[in-house]
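Hey, can you work out the whole structure from these sequences and the hints?
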Amino acid sequence: MTFYEISILIAVLGILAAVVAFFWGTSYSTKDFVIRDNRISNVWKDFWIGIILLAIALIFPAFGAGKYLLSQIVLFFIWAAVVTQWNLIFGIAGIFTLGHMAVFAIGGYITAMVALYMGWNLWAALPVGALASVVFSFLLGATIIRLRGPYIAIMTLAIAIVIQKLIVSDVACFVTKDLICYNFTGGAKGLFNYGNFGFKEWLGFKGRIYGEYYLALILLVLSTLFALFVIYSPLGSTFRSIRDNEIAAGSRGVNRIKYQLIVFTVSGIFTGLAGGVFAGLQTTMGPNILSLSLLLFLLSMIVVGGRGTNWGPLIGAAALMLADTVLRDFGELRVAGLSLIILLAMIFLPNGIVGLISNIFYWSPDKKEMEKRISIKDFIKSDRSQYLKRGKWIKKFGDENE
Amino acid sequence: MPSESLRIENLTTGYGRRKVLKNLSMVVEEGSVVGIIGPNGHGKSTLVKALSGLIEAWEGRIFLKNVSIDSLPAHERVDKGLIQIPQGDLIFPDMTVEENLMLGGYLIFDKEELNRRLEKVYNIFSRLLERRKQVARTLSGGERRMLSIGRGLMGEGYMMILDEPSLGLAPKIIDQVYEIITGLKKISPTLLVIEENPTRLQNIADIIYLLDDGEFIWSGTPDELKKNEDMLNTYLGI
Amino acid sequence: MDIFLQILFSGLAVGSMYAVGAIALSLLWGTMGMLNLAHSSFIALGGYVAYLCMSVLGASWFFVLPLAFLFGLVFGYIYYHLVIRHIYAKENFSVNIIIASVAIAALAENTFLNLAGGEALRQPFQFTSGLKIIGVVLPYQTIFTVFTAILLMIILALIMSKSKLGQVIRAVSQNPDASRLMGINVQKSFAQAMMLYGSIAAITGVLVTGSSQVFPSVGSDATVKALIILIVAGLGNLRAGILMAFALGFLEMGVNYLFGSRYGFPSMLGFVIIVLLFKPNGFWGKEIVNRV
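Protein chains in written order, with my numbering: chain A, 264 to 665; chain B, 5 to 242; chain C, 10 to 301.
Since the hints were made in silico from the structure, they are not lab data. Ideal placement from N, C-alpha and C gives every residue a C-beta, glycine not left out. Please note that the accuracy of each hint is not assured.
Computed beta-carbon distance windows for the label pairs [unchecked claim]: (1) C:K197 <-> B:P97: 17 to 27 Å; (2) B:P77 <-> A:Y331: 45 to 55 Å; (3) C:N123 <-> A:N459: 32 to 42 Å; (4) A:W307 <-> B:D234: 51 to 61 Å; (5) A:R515 <-> B:G35: 48 to 58 Å.
Calculated cross-link-like contacts (lysine-lysine; reagent style DSSO-like; alpha-carbon spacing at most 30 Å) [to be verified]: (6) B:K230 <-> B:K176; (7) C:K288 <-> B:K26; (8) B:K137 <-> B:K115; (9) B:K115 <-> C:K173; (10) B:K189 <-> B:K176; (11) B:K176 <-> B:K69; (12) A:K521 <-> C:K197; (13) C:K173 <-> B:K124; (14) B:K137 <-> C:K171; (15) C:K288 <-> B:K124; (16) A:K428 <-> C:K288; (17) C:K288 <-> B:K69; (18) C:K288 <-> B:K137; (19) C:K197 <-> B:K84.
This is how it looks when you write it as structure tokens:
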């Protein structure tokens, strides 16, 4: 990676951050912060952020970026698509699953296996992989959905570890071709020779990377659209109410388990698709997909970007991919560096980069002014609906006064 | 001229960004019993928490015996002699009565002194002596309150804060609790009693403050309070 | 009969290790409400300390356990003050600490990899021979492990019930706010609990690696297993945790011997999942009711 390419990446990231900061398009919330409930204007902000980001992504290859950079961006698109879905479960629905990589792996593995053993074209195998992910996601969700938060994290992690162990320890011959024994799941070596998306035939050797680039971009766009759709749908507000106060939501007849299971299941669609696309682009599918370091890598994207925010996972993915490219030069210390990043982010940036941006955005030199803006007395005196129209709503309000 | 025991200057605090107490100031004289009354949700418990250090003060100062304590964490304030008997049943439910009491004397390392205090508490609360080996969660509501007060007595503090000692108890047991509090007057130099309702306080308090919406809106002796029943009606809805 | 004894012996060894792990972990759950996935780091720490002590420095075996104790103590202290304290101060601690402890586990694994290399090392603190019972060898290592595990549990139980330290840890776990009002420095007692935990975990690490070998990720399986044992028994229920540790240890070893070693862990997890489907708070767990 040349200096030139790194500077392009940093410039792109800078633009990205600037765009988000400019439009401030997140329904950001913490315990004592102001939630903005002006949904309609948020939709438009998110729309414009999306359009601008998409435009940048569409024309980016025209600037003559190198093949290595483009392939890194392809990877970024795929991881961003995965963490966007993960954030739906983790940040929006509030289910603390660590088994999302297993859903991703199932999608990739099934896609590869259908192509390998049934001789299907990889394009045709993609939906099968996605379907398998949905089924697996549903089963995983049904297994853990009744548990408490920390229990869920441990159980899903254990399930992912067990799946990885079963794959690695798979030594029985499923097919024997040319005296070489192939395991059903590929074992520790992984699956290979299941074909690819055929970009080489369509676009030639040189054009292949562009095909991959736009395929991954389409995946990310669909995944993001889907995530935004869920966030702005009634489902999204249901989750906000559950996350803010589960008992209150429950007493108003919100069935937490039902809605959480729905989101758990549907997020499997694009996670599985991402797995299939990943398998097709990498042309191998191995058990290291389920390794702890990759889990940590993707988890830190969500944490660093900002949990439960609309664009946090995307920003986090960009930041972590950049950090990873830098850390790669240090070889052995890469995992240690990632761990330090996630720890530092948890300690110093509990609301991620998006939280930091919004803090800067809301920063006001006049503390009194800030207090005035959200003081309770103000709220009581003013007409509540007017207050809402002005876009300010005080969360956590009234546990004593109401 | 009695010296100052506790002085609060312009205390402002709250939860998150929400202000609950606004510029509170008061002086408690040594040896006096001060009552604070006010409707629910207007900052009584917040005041207690700010005094004992469970929440931090945003602005303002707190002095105990003319020494500033506002920057100290809760456990060091206890060391300075500010003992709080918390609201409700903040006991250790899975420990025996005696273990609970011993924790009240956590800061005392002299074994004999500890035993002396334990004996003293058992003298006041003979019920606790009967149940000393019993796990605290099996106690009745009144016994728990006694345990809570007894645990506070173990510290032999310079000043005691009682947060709603009558909360959730039957009238008969409240009588017993207040009998004990009257007895406390002889043991602890200064008492600060928080209640929603002034009726019980009128017999023991030297001065009563009325806390409304985070501000002291009135203070006076119990006799003066009786004359101002209209005000009580307005603020407490009695 | 042979195979039955074999399963019994290895189940005992494994079960006792799980039991100590589960007890140490539940100490942390009790005090701070923390599920520590970095348990694996302490296990590896114990193993590498034993290796360092005997194979590198050439010291006597006598120093291994005290040294592991000391290292566990120190790293527990560091772990608390560098990481846990700051995350405890923020909301959502119980979930955040899981993420943070995964990061710590990866960090420690990477550090061991860079310091000692990735290959499995023979951990010298172990017994090689064994006792012959009806044609089956009962390794001295197993006997030693089981006895040490039982000893550790007894010591921990005594500390918790008799000493002032144990009393304070229990008080803080039952009611942190009330403890502060008693003049207890909650942060300090958290750090003490963490140090106690760290030393126990590091000693376990010496025992665990004695029957296998030392490598950077040596403790990760045992950690996840100990945690799911805690969950299935119901967090906070120590006796149930010990019982479940042995039961699942026997189950795992039985499946290992009868169906092949790749099915031991999955069958254990399957059992746990089935239990949790019907009892989401574990076998003997109490339902936690959040007050509004």
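Right, here's what the structure says about each hint:
no.	hint	verdict
1	C:K197 <-> B:P97: 17 to 27 Å	holds, 23 Å
2	B:P77 <-> A:Y331: 45 to 55 Å	holds, 54 Å
3	C:N123 <-> A:N459: 32 to 42 Å	holds, 36 Å
4	A:W307 <-> B:D234: 51 to 61 Å	holds, 55 Å
5	A:R515 <-> B:G35: 48 to 58 Å	holds, 52 Å
6	B:K230 <-> B:K176	holds, 24 Å
7	C:K288 <-> B:K26	violated, 48 Å
8	B:K137 <-> B:K115	holds, 19 Å
9	B:K115 <-> C:K173	holds, 12 Å
10	B:K189 <-> B:K176	holds, 21 Å
11	B:K176 <-> B:K69	violated, 36 Å
12	A:K521 <-> C:K197	violated, 43 Å
13	C:K173 <-> B:K124	holds, 22 Å
14	B:K137 <-> C:K171	holds, 15 Å
15	C:K288 <-> B:K124	violated, 47 Å
16	A:K428 <-> C:K288	holds, 27 Å
17	C:K288 <-> B:K69	violated, 55 Å
18	C:K288 <-> B:K137	violated, 33 Å
19	C:K197 <-> B:K84	holds, 18 Å
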